[in-house]
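Sequence lines, in order, name chains A and V. Residue 80 in the working numbering sits at position 80 of the first sequence, with consecutive numbering throughout. Residue 57 in the working numbering sits at position 57 of the second sequence, with consecutive numbering throughout.
Hints in this document: simulated from the structure, not taken from any laboratory. Don't take each hint at face value.
[Unchecked claim] Coverage of chain V stretches by chain A, computed from C-beta distances (three or more under 8 Å per stretch; other residues unrestricted):
#1 53–62
#2 69–77
#3 106–112
By construction, the Cβ of each residue, glycine as well, lies at the ideal position given by its N, Cα and C atoms.
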Amino acid sequence: ELKVEQNPLFLSMQEGKNYTIYCNYSTTSDRLYWYRQDPGKSLESLFVLLSNGAVKQEGRLMASLDTKARLSTLHITAAVHDLSATYFCAVGGGGADGLTFGKGTHLIIQP
Amino acid sequence: EPEVTQTPSHQVTQMGQEVILRCVPISNHLYFYWYRQILGQKVEFLVSFYNNEISEKSEIFDDQFSVERPDGSNFTLKIRSTKLEDSAMYFCASSVVAAYNEQFFGPGTRLTVL
Chain A
1 ELKVEQNPLF
11 LSMQEGKNYT
21 IYCNYSTTSD
31 RLYWYRQDPG
41 KSLESLFVLL
51 SNGAVKQEGR
61 LMASLDTKAR
71 LSTLHITAAV
81 HDLSATYFCA
91 VGGGGADGLT
101 FGKGTHLIIQ
111 P
Chain V
1 EPEVTQTPSH
11 QVTQMGQEVI
21 LRCVPISNHL
31 YFYWYRQILG
41 QKVEFLVSFY
51 NNEISEKSEI
61 FDDQFSVERP
71 DGSNFTLKIR
81 STKLEDSAMY
91 FCASSVVAAY
101 NEQFFGPGTR
111 LTVL
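Bound-form chain A, shown alone (with noise of 0.2 Å):
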């Protein structure tokens, strides 16, 4: 049974700080991706990673993946309080395969 963890669940940071959020994950798996989550809403993609060293940006965030390790970070660069969100990985495979997800991290980012 494939697990996915993510560490840490809950995080408060102020803002300008950099943070990293890790997710682990038990099986073999080459797709790798990260979503947010808003309050009351819907999950908007963020990065799809695909590849053993696969390193995404865009904007203050920046995604990798090792799947050596089978690990991959989000890391914030300078945080600012528009990033506070749910942040959940998610793993699987190709076709019609369902995503097993984290228990996603709580971002809190105070003025």
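Given the coordinates of chain A, assemble chain V onto it according to the supplied hints.
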């Protein structure tokens, strides 16, 4: 920008009643999914659908659940006899390319079973 839509946004039902949740996936997408999220918890996969048949389903997707694509645009999830524990947010998602499998989620239907 194309998006997945879902109706209704909120459904309240009595325990034991049947409910049908509706989704319109993005028009050129080929793969369709249902997920649920119990309040405050993680998102859980229910079922995937491709080429007019179920492709994969989780343990949660038991005989009380069924999916259908009744026409060229709608994708539905039916729960035959709702239980209290079915109360959750139900998300529909769709994707277009098998290898990439980036899934785009709809806004969700909040199901409340009383």
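>> Tell me the numbers of any earlier hints that the structure contravenes, in ascending order.
In response: 2
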